[in-house]
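Here the protein sequences come in this chain order: A and B. All the letters of the first sequence, read from the start, carry residue numbers 1 to 75 under this note's numbering. All the letters of the second sequence, read from the start, carry residue numbers 1 to 197 under this note's numbering.
What the hints contain is simulated information worked out from the structure, not anything from laboratory work. As the structure is a prediction and not an experimental result, all values here were calculated from the model. A couple of the hints might just be wrong.
Have a look at the derived ranges for each label pair, beta carbon to beta carbon [unchecked claim]:
hint	chain 1	residue 1	chain 2	residue 2	range
1	B	A173	A	G19	16 to 22 Å
2	B	R61	A	A55	17 to 23 Å
3	B	G64	A	G15	26 to 32 Å
Heads up, incomplete: computed chain B residues facing chain A, CB under 7 Å, no partners named [what the hints assert, rightly or not]:
hint	residue
4	F19
5	W52
6	W112
7	A123
Ideal Cβ placement from N, Cα and C applies to all residues, glycine included.
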Amino acid sequence: MCQQVVELITDYLEGALSGGERARLEAHLAACPHCSEYLAQMRVTIELAGRVEPAALSPAARRDLVHLYRQWQAG
Amino acid sequence: MVEDAELVERLRAGDEGAFVTLVDRYHESLVRLATTFVPSPAVAEEVVQETWLGVVRGIERFEGRSSLKTWLYRILVNRARTAGVRERRTVPTDVVEGPTVDPARFDGTGAWSDPPEAWAERAEERLDAEDLAARVRDLIDGLPENQRQVVVLRDVEGASARDACALLDLSEANQRVLLHRGRARLRRMLELEMGKG
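Take the sequences, apply the hints, and build the full model.
And the structure:
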């Protein structure tokens with residue numbers, strides 16, 4: 001059961017499970033601390049991915065793009 | 001913070017400042033997405049430059065039916081796909097069904113025999129820690145291309161499932177499979193990291 005549950009985590013989070021499937025999965029999670037931990041780990045992984053900060057635009061890159069813009073406006 | 005909609009209007013009016021603000025806002029996200037399609041950072045930068053050119057040329061035609069961000073991504077993906085093909089980069093569609101957790105970690109009944117050590121709470125407490133976020137950024141770079149594309153769009157950029165499917169030309173089911181495999185791989189890599197204490 002655990003082995004199947006771990007493969008259904010994304011479907012679960014995406015709301016892609018049927019009502020019955022979701023109920024069975026949640027019942028398992030309530031009874032299984034390992035799968036609950038697995039779900040928590042997936043959730044924190046997703047949250048960390050969401051916190052990835054893009055590198056700041058370098059001044060050189062900004063200059064290049066402004067140049068591109070001015071060329072386009074002129075041309 | 002100036003709304004995208006206002007920037008679009010100002011850009012249509014030829015306001016260079018609006019262009020610079022847009023670039024500051026989106027350039028690095030576009031580069032990150034481009035690198036999931038093309039082999040080198042240099043090519044990715046070229047693709048994004050072409051994208052910006054496409055943006056200024058096409059801004060008159062942008063009707064605002066999608067968000068500006070989605071529209072930017074669409075232009076980028078089109079350019080990146082062309083460049084990817086040009087650079088002979090093949091994008092295998094990894095929808096092979098296979099376990100995302102090592103089967104050796106389960107017993108004959110399918111229950112955990114080698115369960116995950118608890119670190120989710122520790123990681124939650126460290127969410128603001130720059131090092132952890134930077135680490136995850138590196139780990140994402142190590143994902144297989146097609147998983148990375150979905151994870152970057154969905155989890156990093158916050159695009160909807162529908163937008164991700166449209167941009168990457170994937171069915172909802174395929175997109176979910178790639179998302180699942182990418183996330184599971186990241187979790188596993190984090191597990192190894194967190195295990196180092």
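When the structure is checked against the list of hints, which entries are broken? Sort them ascending. When the structure is compared with the hints, only number 2 turns out to be violated.
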